[in-house]
Structures are given as C-alpha cells and as structure tokens.
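There are 2 protein chains.
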Amino acid sequence: MGRATEVDIVVMAAPLADRPAERGGIEALVSLVADDMERVNSFILSRTGSDVTLIPEVASHLISSGGKRLRPMLTLAFSRLSDYEGDGGVRLAASVEFMHTATLLHDDVVDESDMRRGKLAARMVWGNEASVLVGDFLLGQAFKMMVEVGSLPALDVLASAAAIIAEGEVWQLSAAKDLSTDEQAYLGVITAKTAALFAAAAEVGPILGGLGERERQAARAYGNALGIAFQLVDDALDYGGVSELLGKNVGDDFREGKITLPVVLALQRADEAERAFWSRTLENGDIAESDLEIAVGILRRHGTLEATVARARHYGDIAVEALDAFPDSPLRRALIETVAFCIGRAY
Amino acid sequence: MGRATEVDIVVMAAPLADRPAERGGIEALVSLVADDMERVNSFILSRTGSDVTLIPEVASHLISSGGKRLRPMLTLAFSRLSDYEGDGGVRLAASVEFMHTATLLHDDVVDESDMRRGKLAARMVWGNEASVLVGDFLLGQAFKMMVEVGSLPALDVLASAAAIIAEGEVWQLSAAKDLSTDEQAYLGVITAKTAALFAAAAEVGPILGGLGERERQAARAYGNALGIAFQLVDDALDYGGVSELLGKNVGDDFREGKITLPVVLALQRADEAERAFWSRTLENGDIAESDLEIAVGILRRHGTLEATVARARHYGDIAVEALDAFPDSPLRRALIETVAFCIGRAY
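Listed in order, the protein sequences are those of chains H and F.
Quick note on numbering: the first sequence equals residues 13 to 359 in this note's numbering.
Quick note on numbering: the second sequence equals residues 13 to 359 in this note's numbering.
There may be inaccurate statements among the hints.
Taking CB as the label site, the calculated pair distances span [what the hints assert, rightly or not]:
no., chain 1, residue 1, chain 2, residue 2, range
1, H, Ser72, F, Glu124, 20 to 30 angstroms
2, H, Pro165, F, Gly37, 42 to 52 angstroms
3, F, Ser302, H, Met127, 41 to 51 angstroms
Here are some chain H residues the structure puts well away from chain F; computed CB gaps all over 12 angstroms [what the hints assert, rightly or not]:
no., residue
4, Ser62
5, Gly222
6, Trp290
The hints are simulated quantities; they were obtained by calculation from the structure and are not laboratory data.
Backbone N, C-alpha and C define an ideal beta-carbon position, used for all residues, glycine too.
Required output: the full structure, derived from the provided sequences and hints.
Written out as structure tokens, the structure is:
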C-alpha cells in the first residue's frame, strides 16, 4: 500500500491491448486538459522557487520525476466539465499536486523508503529533515494558492482532505503489522489515505463552476471511487498484479509489513501454516530472500489478487455511474476511459 | 535555537524580581484573556479527537504538557483590542496553537531531540513516523478551523506564515554547522522560523475586528518584534542566560551544532584558537564533555550573551512602540508587560 504513484501507469500501460474489454487510456484526458496543464506546470515551478535553494532542489527532484499528475488533471477536468472559465482551476490543481507531493515526501520518511518513482527518494539524497520540512513548505504553499482563489467552499474541501489524509496515514501506521485488519478497516484506511485527495481534487471543479450539490456529490463520488480503485490496483501490482508481470516496485508493501487487501483476503482463507507464514513475515518482520515468492504463491493460490482487482472494478463502475450527473461530452468520455485505464493497469 | 517553548518562561520567571527595571509579567495578559483561553482549550481538545487513538495520544502528550500558550493569547488579545466580539478569535487562536504544535512535532524529528518541555519528545515514545503524521494532521485541522471562521484575509496571513515558517526551518537546516552565518542571515532565519507565527497570530486580531491597514501593520510589527526578542532570549538561555543560572535545556543548541546569535557574535571576535574550537565542535560535531563549559566561557568573555539580550531589548522596544496604534487600555498595558517579561527571562 505504498501511495500509488502515476509512474506505474506508464510502466504497466503496454499489456493493456491484450484485454480489449478493459481498454482505456488517459491519452484523451491528457490531451483535453493539455493547455491548462501546461499552466499548472509553470505555476508549480514558480511556487517551488525560494532563496533557500534546498527547497527547489528537493521539490523539483520529486516534481520533475514524472508521474502523470492524475489528481490535478481531475481538478482541471471537473472545472471544465462544470463550465468554469476562470483561472482558479489551475491554481487549485497546482495546490492538489503540492499536497500530493508533500505527502509523498512525508510518506518516504515514515516508510523509510529508499526509492520513489524509480529514483532515490529525496530523503536518501538530502536526509529525512529536508523531506519533512520541504513537505511542510509545499503544504503551506498549497494553502496559500488555495486562498488566492478565494473560494471558501473549495478551501473547506481541500483543508478537510488534508486532515483526513493524515488521519488515514496515522490509522495505517497503527494498523501496520496487525493481522486482524479486516476488509472494512482496510477500505477505511485507503479511503482516507488515497481516495480523499482524488475526491477533493474532483469536487472543487463544480464548486468553482458554481454548480449545485448534485454535481458536487457526483464529482466527489467519482474521485472517491476512482481513488479506491486506483489504490486497490496498486496493492495488487505490488505483488506483481494479475498477469505475473513483475513491475519495479514489487514487494515493497511486503517488506514494509503492510497489510493490504490481497493479504487481508488471503488471511481469511489461510490454514495454520499460512497464518504462521504471514505472522512471521508481516507481524514480526522476519523475512528471508525467498519469502516474497512464497507470499505471491499463496496470494495466487487463493486468487486474492484477482479478488482485489474485482473489487477495484466494482469501484470503477461506481465512478463511471457518478458521471451520469454530467451531460455527455468528450471530457466526460475521457473520464470514463480513465477509469478503465486505472483498472487495466492490473493486467 | 531550539524553537522557544513557553515552559522556559515558567522555569526562569523567579529571578525577575531582582531587576525591577525589567519587571514584567504575563499574569495580566493571562487573566484578561482567561475566559476565551478556556474556550480555546476545550476547542483544542475537541479537535484532537479521532477514532484513530494514536492521534489524541500523541497530540495531548505535547498539548497537555504545559507551555503558556503565548501565541494563541496574542490572537485573543489583539482580537479584543480590536473590539472583535465574535467567536472567530477562539478558533483562530486554536489554529495558531495547532500550527505551533505541528512544527514542534516536526522540529523534534528534524533535530533528533530526545526531550521537549521536560518530557520525552513524542518521537521517543511513538516514533518519528507518528510525530510526522500527527503533525500533518494538526496542520490539516488548523486549516479546517481557519476556514470555518470564513475570513479570507486571516486565512491568507496564516497560510503565508505556514509557508514562511517551513522556509525558515529549511534555511536553518541549510545554515546548520555553517560558521560563516552572519548576524543578518541569522535574523532572517529566526524572523521566518519563530517571529512569523507571532506576527500572524497578532495580525489576525485586527483583521477579525475589521480595523484598517494601520492596526494590522501595528499588530504584525508587535508580534514580529516580540517573536524575535523571544527567540534571542531563548538563544541566550540555551547557554545559561546572563545570570549564569542554568536552566534545564542548556547546551541543546551547542550539541546540535546550531549557530545562534551568541555564537555568531563570538565568531566575529574569535582568535585563531577560538575559531578552531567552534569549527571542531559546531562544524565537525566533535564535542567532548567539557566543551559546553568552554563554549560558555568564550561567550561570557566576549560578552555575547549580554549583546544578544541587548538586541532582544531593541526588538522589545519596537514591539512596545508598535502598540501606539491602539488606545490605552488594560489589555494594551498587559501586552507591554508581556514584552518586558519575555526579555526578563534572560536574567
């Protein structure tokens, strides 16, 4: 359950063509918001500037390291879908990306991660101190940018998300190594930790556009369900996904003792020997070289990677349904394809 | 230059009576804002509540550990001084205290501190992870509370302070162990790291009261100058203060290699042997048992603790002058006494 980063999208995109039923892409979304996204990118660059040179160094290490910027694209897409014409969407999108980057910097410290998006984690280059403090700086800048937009309801949505995300992270920390974590508790954690920012990123669109409660709820529901689906697929990918194609971050969650849904479901079906295996590896952190392979074997035997992706598909359906609140348009179709794309990553 | 915590006030208060010229107290301020402060305290308690029990545990460890809550008292005092009658002051005061608590939690991780306010630092009890994440949670809650008050100008002031504080911290991190830090650079760091929150805490008072730019600037100037004075006295106290009374945190800055003003001034006056001493201890972190005593001896020989406090007195005068923008009242007199009190801590 490392926080999902969009670089995975790029890595796993190729095999999609084999499963036409779930073909989807973010190309349409990317191209429809491309102009605004360019402004978001310059905005991000200008707001990581500081006379304290360590700040742009650390921030750009992470920000320039790729990632498809799915979250800010949601803000831009839902602003446009809500016929908003001002430039507040660009600022809020940049805020959303800053919030995300800040949590990545702090996550790496919390998880003691060595790598992030295929590069050394910032904390490995500049130390934990810099990661904590530059994260705080980005969070402060995010709030400044939001205030500039001047929408109190949008501020409320994003500030609430910030608190909920941190609460989810602490929850995850408390639940780490706890084999009694059940599916409901797990969904609670990822709803807070991952989906809250997707939901907020989408909801501020209709807020900027001055639309009503119906569209706000719809955007929020889309973001929330997409975020859950995204994280579940990420969890499956961390054990190699359903296709046995091994991506580069495989095994991170296992090594960090994180109890993700594939494991929660496997624990429900576990015999005594398997329970002892999970207890030794995840609870006690006693992990040998060959244990990841054994873990993947158990998950495959019980089909829990497929079961996890099946749940992702369920949330994907909810996300698509939520879009009914908006009239058909190229952008709405692009958001539907984005759902299929996120789920298709699992294959 | 550990972040100043108000517990020092309590520890160092007694000897004040010996210097009637600088007699001052915060008793008047405390008693004038007591009713509102009680509401701030209940508010703080209610907003650290979470089903994730680790959050109230960590937060209350620090929040209940004392501290005079000088920063939120500034918000309450300047709200009242500005004839503001609503309950926004209580919420903003609680936000200010949350921002402060969040930075303390993160500071301890950055400084690898073992103790805070005479107790084990939260990170020693629950780990760095919990300190980082609970700090993030408190920051999120702080912004939520600010949004509830609904004043965009107040939000702007506090969000800017959040970014500036973090910028100051990163700056301090970059300057750590750097013997070429000069007085101006040092003042820049503490203006950002410490004074920015004092300034913002005060400025939101006249904003809530609907007063004009003159009172806003005056409140800001008071908070800024008081914050600088407060930090300078704290820096002197970290080497035992001017009275050679050793408080309990003496030597923290020295052991952490922090270049504070007493050292900056001593470096200006250093001969070759002294420069070699500072280089070995602060730059290279090669510190023997007896080195703190040697350091204090050098600072006393050059009179740089007195010189640091003289500068604090200069900022104290600026703070008092700034209050001219407000008519005489018991509250205004209490704010004047507070300045004398903060400086009197040094003796």
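Hints, verified against the model:
1. H:Ser72 to F:Glu124: 20 to 30 angstroms: For H:Ser72 and F:Glu124 the Cβ distance comes to about 27 angstroms; the hint holds.
2. H:Pro165 to F:Gly37: 42 to 52 angstroms: holds (44 angstroms)
3. F:Ser302 to H:Met127: 41 to 51 angstroms: This hint holds: roughly 44 angstroms between Cβ atoms.
4. Ser62: Since the minimum Cβ distance to chain F is about 6 angstroms, H:Ser62 lies within 12 angstroms and the statement is violated.
5. Gly222: holds (18 angstroms)
6. Trp290: Nearest chain F Cβ is 22 angstroms from H:Trp290, so the label holds.
When held up to the earlier numbered hints, the structure conflicts with hint 4 and nothing else.
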